[in-house]
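Protein chains in written order, with this note's numbering: chain A, 1 to 664; chain B, 1001 to 1484; chain C, 2001 to 2539; chain D, 3001 to 3100; chain E, 4001 to 4167.
It is possible that part of the hints are untrue.
[What the hints assert, rightly or not] Each pair of labels, with its calculated beta carbon distance range:
#1 C/G2157 / A/G611: 23 to 31 Å
#2 A/T656 / C/T2195: 40 to 48 Å
#3 A/T656 / C/F2022: 56 to 64 Å
#4 B/Q1299 / E/N4025: 37 to 45 Å
#5 C/Y2077 / B/L1055: 32 to 40 Å
#6 C/G2157 / B/L1051: 47 to 55 Å
#7 C/A2106 / A/G611: 30 to 38 Å
#8 C/G2052 / A/A633: 54 to 62 Å
#9 A/T656 / D/N3096: 23 to 31 Å
#10 D/N3096 / C/Y2077: 48 to 56 Å
#11 E/T4118 / B/P1274: 32 to 40 Å
[Unchecked claim] Straight-line alpha carbon distances no greater than 27 Å define the calculated BS3-like cross-link-like pairs of lysine-lysine that follow:
#12 A/K164 / A/K370
#13 A/K164 / C/K2371
#14 E/K4135 / B/K1193
#15 C/K2450 / A/K25
Derived by calculation from the structure, the hints in this document are not laboratory data. On a predicted model such as this, the values are computed, not experimentally measured, just so you know. Where a beta carbon is used, it is the ideal one built from N, C-alpha and C, also for glycine.
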Amino acid sequence: MLDNVWLIPLFPLIGFLINGLFGKKIKNEAVIGGIGTLMIFLSFLVSCGILMQLVGMPPEQRVFEKVMFPWIHAGSFKADMAFLVDPLSAVMLMVVTGVGSLIHLYSIGYMHGEEGFYRFFAYLNLFCMSMLLLVLGANMLVMFIGWEGVGLCSYLLIGYYFEKKSAGDAAKKAFVMNRVGDFGFLLGLFVLFWWFGSNHNIWTINFVEIKAASHLLPYGGVVTLATLCFFVGATGKSAQIPLFTWLPDAMEGPTPVSALIHAATMVTAGVYMIARMSFVFIKAPETMMVVAVVGALTAIFAATIGTAQNDIKRVLAYSTVSQLGFMFLAMGVGAFGAGIFHLMTHAFFKACLFLGSGSVIHAMHHALHKGHLHDDAQDMRNMGGLRKALPITFITFLVSTIAIAGIPGFSGFFSKDEILWQAFANPYHGSLNILLWGIGCIAACFTAFYMFRLVFMTFFGECRINPKVKEYLHESPLVITIPLMVLGFLAFVGGFIGMPKLLGMLPNYFEHWLDPVFELANEYGKQYAHSGAHHSHALEFGLMAFSVVVALIGISIAYTMYMANKSLPEKFTSAFPGLYKVVYNKWYVDEIYDFLFVNPCKSFGNLLWKGFDVVIVDGVVNGTAKLVMAFSAGLKGLQSGYVHNYAMGMAIGVVTIIAVYVFR
Amino acid sequence: MDTIAIPAINLAVIAPEVVLSVVAMALLLINVFVKSEQKGYLGYLSIAGILGTLLMLIPAWGSSVEGFSGTIIQDNFAIFFKVIFLISAAMSILITDKYLEREGCNQGEIYPLILFATVGMMLMASGTDLMTIFLGLEVLSVSLYVLAGFNRNNIKSNEAGLKYFLLGAFSTGFLLYGMALTYGATGTTKIAKIASYIAMNGVSSSNLMLVAGMILMSTGFAFKVAAAPFHMWTPDVYEGAPTPMTAFMSVGPKAAGFAAFARVLLVALPALKPEWSSLLWVLAVLTMTVGNITALYQQNIKRMLAYSSIAHAGYILVGFTAGNAVGTAGILFYMLSYAFMNIGAFAIIILVGKKGEENSNVSDYAGFGYRHPVLGIAFCIFLFSLAGIPPAAGFIGKFYLFSGAIQAGYIWLAVIGVLNSAASVYYYLRVMVFMYFKEPTEDFEWVKLTPAFVLCLLIAVIGVLVPGVLPGLFLELAQKAVLM
Amino acid sequence: MNEVILSLMTFLPLLGVFILLFIPSNNHGLLRGFTLLVTVLTFLVSIPLVTGFVTNADYQFLLNIPWIKAGPFKMNYNVGIDGISLWLVMLTTFIMPIAILSTWKAVDQRVKGYMACLLLLEVGMLGAFVSLDLFLFYIFWEVMLIPMYFIIGIWGGKNRIYAAVKFFIYTMVGSLLMLVAIIALYFKGMSAGVTDFSILNFFGLNLDPVTQTWMFLAFALAFAIKVPMFPLHTWLPDAHTEAPTAGSVILAAVLLKMGTYGYVRFAMPLFPNALERFTPLIATLAVVGIIYASLVAMVQEDVKKLVAYSSVAHLGFVMIGLFSLNQMGVQGGMLQMLNHGVSTGALFLIVGFIYERRHTRLITDFGGLSKQMPIFATIFMIVTFSSIGLPGTNGFVGEFLVLLGGFESKLRWYTVVASSGVILSAVYMLWMFQRVMFGKLDNPKNQNLKDLDAREIAIMLPLIFMIFFMGLYPKPFIDKMAPAIDKVIQQSRIRPAVAATIPVQPSMQMAPQSVKPAGNPAVPEGHPAVPAGKPAGHP
Amino acid sequence: MVSLNFYLVLSAILFAIGTIGVLTRRNAIVIFMCVELMLNAVNLTFIAFSKYLGNLDGQIFVFFVMTVAAAEAAVGLALMIAYFKNRESIDVEDMNLMKW
Amino acid sequence: METLFFLIVAAIAVICSLMVVTNKNPINSALSLIMTFFCLATLYVMLEAPFMAAIQVIVYAGAIMVLIVFVIMLLNIKSEAGRRTSHALFMGISVGLLLLVQTWYLLVKSSLSSVRGTVDSAMISKVGHTELIGKSLFTDFLLPFEITSILLLVAIVGAVVLSKKKL
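Same shape as in the complex, but just chain A:
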């Protein structure tokens, strides 16, 4: 099975080609959607097979590389088209193909009747292929194909409704911001390649080879430089400060896209990349700290914005940014396993949340459409009390919300708690850890608050939709609800495979599974970790309890404000109008970026073009020509037509020449 790993990206590629080339002719939505879904499902089956095979192998042998064909061999540089299967990529494969299949299925229902139906499925397949390449890449360059490929698909899918200007803008923004990250990624690659090559004559970008040689890397120094570059790449892809603004805008795409790309898979690429290169990152304590701090800051920053948004998808988008911050926090404190664990559980519940919101929007849209109204189908202020009309959606949504809020027993609790605990306990950053933990806790509180705010505003209370169309509200079809139910179930139970040892009910399968991947990193980490501060179980229990309390506080505030006392939000905003406005406007980050980068670039470009290029550069060229012409006009004037002038010219010539020679 392992040998057939190439089938995994191949199936979606086939799907893409079929739908992309012939989709327009096929026309039948069931066939198109069927092909798309089937292809990714086949990949899922192959992934399962590979997982089984891996499980059957002894842990230390669970690394397999498959070279397809040589790609770029130039001088000492060598990059093959090669795939790497190890426990880490296996996990990602399962997430991508599994969640991907569900979302494909969901899309059949959700996208029903859309104009570019075939286009959508083609893109979706293409995306899956790219994501799988990213995950499977055995060297940085193959990973980079996927890395940019997902960016491309994200661009295509965000711009799916290309007739809307905002969609086009958002797509472009997403791509460009990703490009900024890619720039970092490339630089990181260059630095690493150069360092290994010029110092140890190891010219490689292959992960396995780098890992084998990673003991040569020094701590800090050039590694810090390289990893910081890589981290820039990660911030672009995973929407961390300062490159996070594209993600909320990306909600212009259809909802399944948000679920698949901007929640479950693509945005986690940065996290995955750090995990993939954990053995390099851990050698750069400064970078680790930066990662942790940026992660924590993003977590809280996005969470604050999330509290003030009214668009249902936007809240989820900021929530995604915030949760990605948690993952980076985990990476930054060396809790790679925990980060990946959170990545997985987040994929379940966030996909479920997005799909749920999609279901809500779908229903709202349908209803509004029937009633010929043009109200915003995504604005929570138009919703309320939908639990009756959309029971399945409501239940799955609620389960996922509880999961994200971190209520024990649900998946999000296990993963988030693990992160917070390791942030507190891991010895890498000294006393900074406490601060990180604190920020994490506050962010968690905010998370619980805004998520429940969302649930309350959407599903509870009385229905604020225009009464005319109330009757049209009804539950979505089965293709939509089945994925919801599956994901809701996973959001509920998915955490148990990574249950902390402390609770003791199950062994932490997940961590054991990933152990071979991160072993080396942990080994390196010990070299500079502050000497084994061993924390007691009691402390761990205590913190766990604390995080639950925090979550509950968040929920209760939400309940107070949006269920019990509905005038509170009003009062709050009028009490702090400035703060509210700033938060509501996302801290004006977009505007600041416009001011700092976009506008100067444009005006500088204009200046260069109209000022420099046309006036100076071309001016010199044309000016030379004009000068010559003026000279010409002057010389021409000497040619007066008078014989005596000509004779005079000759005589002066003779006299001058003689003068020069005679009197020299």
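Using the hints provided, position chains B, C, D and E relative to the given structure of chain A.
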């Protein structure tokens, strides 16, 4: 009283000149009996004479024969130039007939005059005595004064003739003074003796009389080849003269001037090389620059080509400055190709022109390339060759000229030369801009495209393209004709 | 047989021109068909070059006929190709039929002349790539100018005269100075025993640094104008904008490569000391060019101009690659040349398609075309992303190797700055794409646009194929080029200064190879890209 | 015995006067006469040199110069007559139909 | 004595040539020129070149100047309408004077050929100037002499072409 011992007259040395003169005189006689509308036949007869002369030159190639007590020589150098003169004369004659008919001044004397001018040029090329050279130059000049003013009903032609005459006579004064001073400094007028005297007595640049003689002679020749600042007559005379004669004047006499110039400087005064090469350096730069730059502004195509011919004199001076084998071979090759390309271009100008020299503005050529595609292509070939763009012969010629300069270490001169060349591209292109890039505004009136014209153009095109693509043979000949 | 392929290929179009002259000029169909046939035949003739190419550093398919021998000069008709020119030749023959097809209908005036010009242009381009004689190279180099001048001037846009003349004179100035340098070089060589203009003679010359400096400057100027490098680029936007589609395509795809090819083939290996000295300057100009052109491209209002400026930026990358002087960089530069040929050529075709339909190129006149022209949109998108350098497309491989090579060389910091061009290219291309293709189809004139027809799709398909093929499997290209590039790199490195008493050993030039640390599995055999003294200069 | 330099200087003076005449007069015929004056100055130089050097080449040269002067006079005057017929003037200041 | 005579003749020559340049009336200029030619003829005699003096008088003063005077009469040219501008006058005169100064300077500064020919006063008085000239003309300079025939023919043809009545 002693009998005069007349030296052995080696007629073979001057056979070409004699044949041509005889033909010319015969034509003068025949002319009396030919009706006005049939004067064209005289042209064909004169071409026959030219061909005969050419045939006489061929067996002489490779030998170097002196004659008449060392006043004349027939060497490869002279022969090569004579071929150029004859070709330019023949091609000019081919395009003369119809022009004269159109302008209404169809007099048969023009053909003998052209032939006499050619004889003068040939004497200049092979003269080895300052007197021979001077007389050859005067034969040429006097014929040219007449030819320039030949269309005597046309005021422009009158003016051209008179201007040329006055300034020519003036420059003759300087030339003669130079010759006198040289004579005084060396005691002889024979070129070989001048050289040997200088070599033996070690006269050098410290002898101001010799230097002054060199300078004054140079100015005389510079006038003939239209080098700045002695070029100022050129545009006016070229513009005013009948167009076929302009074509003739811009090639043959220029070549003759260079031939004599080269013989005097290279053979008689090699000892003064540092002096004259620095003088020529300056003249070359001035000439190229003034010619090209002023040409940029011209609207009248004849005048433009006049300035362009000044510029070309400048390029040739570059090769001359070098004073080495490559440069001199370059002069020879360039003059040959210049004959083809320039006369070809003037042939087209005659075709496009109307009576009274109308229609000779660059803007009159709008759309010409579409109305007459074949002529258009031919014109383009000539212009590209003038601009020095491969694979035309003009490029190879320039290549050799500049190579000579570079070999002699005058790299900056070569650089100035190529920059000038680049500037010149503009005005040649400008003609093409009108020919192809603008829509035609009017129909082109025709001097009917006679076989003679076709022949002339054909020769010109072949003469531009063949030495351009396969220059080997021609360059080899030029190399063998070099004076050193 | 092998000897004549190159000449046959080069002069086949010339033969075509002669036959073309006898086709009645009002039979447009025949004229076009015949020209297409000739170019396709040329392409077919050129295919044995790839199949018969032996992967080594030697020149192949050699043909050497004495041509001119006069005075001190000896010029030969000396043609041959190595790995470097092989692909450029192929690119030329490949792009020509496409170019012919591109203005199949758009040019309906003076078709005969147009076709003749295109064929002549092909002769010039192929000749320049295959010449191994400096003089012959120069001749072909100039011959290219004439047809291009007419193509721009006769069949161009509104401002065509200005553009054509500017193009011509600009190029002329540079190339004439190069001519001076060629001649001077020959004379320098003569004193060292060189007897003809074959470039092979000149590679081994030990010129003194001052001479090298001047000659390098002359060569570099000529090539820099052609490339074009900042600040000598202003002819390019004008020429591109005014030229008819085929002209722009050929200009972008092949003509600009002449400049970069000139650097690899002549300027770099001939003058190593000067190269060393001027590398910072050229790298600076290249980097400035990348950033500058990108910023200017960003604010263009005319699609074609935007693409033209993007060319300037792309070729800046090529220059960085070439001057990084290691296998990766030069390889990348070469690939980038090919890629630029394919993708920018395709972009100009695309611009041509919409221009034919709407007779405007202003971005503001478009918007929302995706809806009306889905096939067009797809193709446009692919090409756009190829131009941006998306992995998986051809643009990436070249750009990546250029940056990698640059980073590994002395140009590290230049490369870091240049890398930001990767971001900017995405900005301007996507912004343009968005404004043209996305948004509402609100301009009534755009509402009846027809999607691409079969001919247009047929033109684009080979290009699209190449975009992906070169992106996913560049190995054949890289492998065939590698030995030749190694050779160029060795030639371009400063030769060890040898004291006058010690004769130059041939093996001295192989120094980098022999110093290569032994027993190093990570370095592929035959790619001695590890410079001998490198570790010393690095931390 | 008059020293050679006397003759040479005299001829230089005449030559200069002739030049001044060419440069300052307007009448074409007078200009031509000034040219003749220049030629005569040269002739004087030739003959003086000839005497000094003791060979006759210079005098022969003078002989030819005179011939040339005659030929030029014939053609030049014919040109002036032709011009005068068309223009009713031989003032060189009127001769500027062609310029620039 | 001889020097004094030379100085007188030279002075007359210079004055007459100045009158050529300054006289407003072309006829007066022509007459002054003839006078100058006579002075030169005198000097030729002093230089032991009697034959040259003779043809100077016959050809130059006689033939050429008569032709010129004839043309002046034919065209009925009055004195010049006005002088050139003072600017042009100044330029012309200063260039001429500069030329004079330079020639003077270089004549004084330079050396003549040191090789003397065989023709001296004794030989001239023995053989006769005309014969010497004649011999030289028909031996060493035969070709140039023949060329003059062509030159004169050309001049005649040219003059005829330019002024014959019927075209």
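Going through the hints against the structure:
1. C/G2157 / A/G611: 23 to 31 Å: 24 Å, holds
2. A/T656 / C/T2195: 40 to 48 Å: 45 Å, holds
3. A/T656 / C/F2022: 56 to 64 Å: Given about 59 Å between the Cβ atoms, the range holds.
4. B/Q1299 / E/N4025: 37 to 45 Å: 41 Å, holds
5. C/Y2077 / B/L1055: 32 to 40 Å: 34 Å, holds
6. C/G2157 / B/L1051: 47 to 55 Å: Distance hint for C/G2157, B/L1051 holds at roughly 52 Å.
7. C/A2106 / A/G611: 30 to 38 Å: 34 Å, holds
8. C/G2052 / A/A633: 54 to 62 Å: Given a distance of about 59 Å, which is inside 54 to 62 Å, the answer is holds.
9. A/T656 / D/N3096: 23 to 31 Å: With a Cβ separation near 25 Å, A/T656 and D/N3096 satisfy 23 to 31 Å, so the hint holds.
10. D/N3096 / C/Y2077: 48 to 56 Å: The hinted range 48 to 56 Å holds for D/N3096 and C/Y2077, with Cβ atoms some 54 Å apart.
11. E/T4118 / B/P1274: 32 to 40 Å: 35 Å Cβ-Cβ, so the 32 to 40 Å window holds.
12. A/K164 / A/K370: 22 Å, holds
13. A/K164 / C/K2371: Given pair A/K164, C/K2371 holds - Cα atoms ~12 Å apart, limit 27 Å.
14. E/K4135 / B/K1193: Between E/K4135 and B/K1193 the Cα gap is close to 20 Å, so the pair holds against 27 Å.
15. C/K2450 / A/K25: 18 Å, holds
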